[in-house]
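Undergrad: Chains as they are written, first to last, in this note's numbering: chain A, 22 to 319; chain B, 142 to 531.
Because the hints were derived from the structure by calculation, they are not lab data. Any given hint could turn out to be false.
[Unchecked claim] In silico DSS-like pairs for lysine-lysine, Cα to Cα no more than 27 Å straight-line:
(1) B:Lys414 with B:Lys335
(2) B:Lys242 with B:Lys414
(3) B:Lys222 with B:Lys242
(4) B:Lys222 with A:Lys150
(5) A:Lys231 with B:Lys242
(6) A:Lys231 with A:Lys312
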Amino acid sequence: MDKRMTEQRLSAASTVALPRNAVSAGTTDRPFAVNWRAFGLSLYLLALVLPIYWLVNMSFKSNEEINSTMTLFPHHPILTNYIHIFTDPAWYMGYVHSITYVVINVVISVVVALPAAYAFSRYRFLGDKHLFFWLLTNLMAPPAVYALPFFNLYTAVGLFDTPWAVALAHCLFNVPLAVWILEGFISGVPREIDETAQIDGYSFPHFFIKIFLPLIANGVGVAAFFCFMFSWVEMLLASTLTSVNAKPIAAVMTRTVSAAGMDWGMLAAAGVLTMIPGAIVIWFVRNHIAKGFALGRV
Amino acid sequence: MEDGALGRFVPPSCGRCLGVGAREEGFRLELRLEDVSYQVGEDVHIADASAQLDAGSMNVLLGPTLAGKTTLLRLMAGLDKPTSGRILLDGQDVTGVPVRKRSVAMVYQQFVNYPTLSVYENIASPLRVAGVARDEAERRVQEAARLLGLTPMLRRTPLELSGGQQQRVAIARALVKQADLVLLDEPLANLDYKLREELRAELPRLFSATGSILVYATTEPSEALLLGGRTLTLWEGRISQIGPTADVYRRPVSLAAARVFSDPPLNELSVSKVGTVLHAFDRTMPLPAPLAGLADGTYRVGFRAEDLRIGDAPSDRLIGFAGKVTVTELTGSESFVHIDVGPENWVSVLRGVHDLEPGAPVEVAIDPARIFVFDGTEKLAAGPSLKKAA
């Protein structure tokens with residue numbers, strides 16, 4: 022009798038348990054449930070993409086269409102804006118100048134920062150920590166502070182209006198940044214690897230290029246990426262230190278404000294083209310960056 | 142004789158890297174440390190280390206953590222420069238010679254390989270740098286890989302291998318170089334015990350063919366005994382004893398050497414000898430034989446865990462003490478019983494499983510024939526003679 026009672030109770034418990042599972046399964050399958058998470062994310066994505074879409078949208082419109090009504094997509098799509106940029110040297114040379122000084126700057130920054138970061142990571146010397154901090158303090162002042170001294174200095178030495186002027190000026194910010202990033206990556210490589218290479222008989226340059234650089238490739242990628250980004254978007258120094266021969270695209274874009282009014286379409290097309298190099302660089306270093314974020318300093 | 146003389150003029154690195162297999166006859170190789178000290182600021186890391194290591198010899202550098210084993214190895218390698226003293230390799234002063242100009246190989250406790258190179262290139266790396274001909278390098282790498290069971294993994298990168306295999310890669314790289322001096326810094330400490338036993342048996346055999354001076358640093362006395370060869374005990378930056386491993390174990394010359402070479406820790410007690418009686422703890426007893434010839438004074442007596450007996454029938458030969466069990470550790474084949482005797486904590490090792498209750502009173506006994514007596518300067522004053530023990 023007792024035993025049967027317990028059996029009944031057990032079966033009752035299992036019958037209760039089963040439908041409860043079924044119910045909970047049903048709720049997730051309900052067809053018109055509001056998925057708040059997806060909704061929130063979609064809203065966020067929309068907010069992110071909208072300005073970019075609008076820029077692309079505008080770049081394919083004529084000024085008349087932009088000024089007359091708000092259209093969600095170009096009703097009379099035109100390529101005139103782009104064609105004009107690619108055919109007018111005043112426009113496309115802006116890109117060439119920008120890319121030139123950015124590349125020079127990235128190369129200088131990384132090449133200079135590598136040995137510095139190695140020294141900061143591997144050696145102890147008098148005032149090493151203070152020097153490291155002092156390097157970083159260079160990032161604290163806004164670029165505008167340096168615009169005037171650089172202008173005066175470069176005019177005096179004949180560097181004004183050359184890509185080198187901008188590239189060197191940007192080093193003031195990018196070298197400390199690159200040293201800081203690379204130091205983190207280099208410190209992640211065990212010292213014993215350096216020593217093993219010495220024991221194996223590698224000379225320092227041979228070791229550095231063959232063994233060490235591949236080990237911190239992600240760090241170099243990350244450092245180069247940040248230098249590129251800073252140099253590419255920085256406008257104040259770039260436009261102050263150039264006039265004609267090295268005028269960056271950001272400065273060229275201000276030309277569109279003329280007596281004839283704003284050339285909206287052209288400005289939008291130039292904006293789209295300005296974003297493309299950044300996107301390309303991100304595409305190339307995306308794996309390095311992902312690893313870099315996990316490993317190093319960034 | 143002429144061969145030997147010729148060998149001396151060939152720069153060691155070239156001679157070794159280009160050499161095939163065993164060394165030429167008559168080439169006598171030795172590493173000599175002469176009063177080597179190493180200091181960083183005020184900290185003395187190594188003090189007056191002197192030693193002579195012969196070619197083809199297995200030298201175990203035994204010392205607890207922070208004794209300076211790694212520092213001494215780094216000085217031998219040339220990674221650090223001694224503050225004072227000289228290091229001579231084959232009679233030539235190499236004290237200031239940079240490490241890459243020396244014929245040295247080193248294996249670290251951590252598995253250190255070049256992560257971006259394949260296993261093959263990792264092993265071949267010292268040969269590539271030395272400019273060894275391609276087919277000769279190929280032959281030597283394949284040979285080393287075969288000896289260490291790495292042949293199927295040569296195309297992979299080190300990080301794809303297990304810890305044991307990674308360490309084998311590091312050992313293979315040290316092996317192909319056929320360096321004069323091979324330094325192994327606790328190479329097996331990070332491996333599980335099965336692999337450790339396998340590799341420990343293989344290591345001396347692998348390097349014996351190259352005739353290198355082998356230095357093996359370890360914290361474990363049992364590892365030193367298993368490896369044999371010669372042992373250098375290191376204690377707080379000083380080499381306390383050098384000698385054949387078994388002799389060092391049987392007859393430590395100082396308290397420091399005895400402490401280093403003892404696992405479980407050495408049992409100790411302070412005694413004072415006055416005439417024909419001995420005071421130990423609060424007791425007075427007739428003088429045991431080993432102390433008979435010594436001057437009056439206080440001594441430190443040490444004896445090993447296996448010489449502390451529990452529950453032996455009291456006899457005239459043994460000295461008995463009353464103690465209290467604090468804890469018992471079981472390994473299966475042995476039991477380590479920790480016993481408080483007066484202010485000292487002693488360990489006794491018993492065969493088999495003995496689960497003694499903590500707090501239980503216990504009678505322990507020491508055989509005076511098995512004790513080491515150290516004087517006020519911690520030097521061995523009396524102890525079992527080598528011949529008798531052997």
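Undergrad: Is the Cα-Cα distance between Lys222 of chain B and Lys150 of chain A 27 Å or less?
TA: Distance of about 25 Å is within 27 Å: holds.
Undergrad: Straight-line Cα separation of Lys231 of chain A and Lys242 of chain B no greater than 27 Å?
TA: Since the Cα atoms of Lys231 of chain A and Lys242 of chain B sit roughly 19 Å apart, the hinted pair holds (cutoff 27 Å).
Undergrad: What's the verdict on Lys242 of chain B and Lys414 of chain B, does the C-alpha distance respect the 27 Å limit or exceed it?
TA: Roughly 57 Å between the alpha carbons, so the hint for Lys242 of chain B and Lys414 of chain B is violated.
Undergrad: Quick one, are Lys231 of chain A and Lys312 of chain A close enough, alpha carbons at most 27 Å?
TA: holds (21 Å)
Undergrad: Going straight from one Cα to the other, do Lys414 of chain B and Lys335 of chain B come out at no more than 27 Å?
TA: violated (48 Å)
Undergrad: Does Lys242 of chain B sit within 27 Å of Lys222 of chain B, going by the straight-line distance between their CA atoms?
TA: It holds: about 14 Å lies between the C-alpha atoms, which stays within 27 Å.
Hints 1 and 2 from the list above are not met by this structure, while the remaining hints are.
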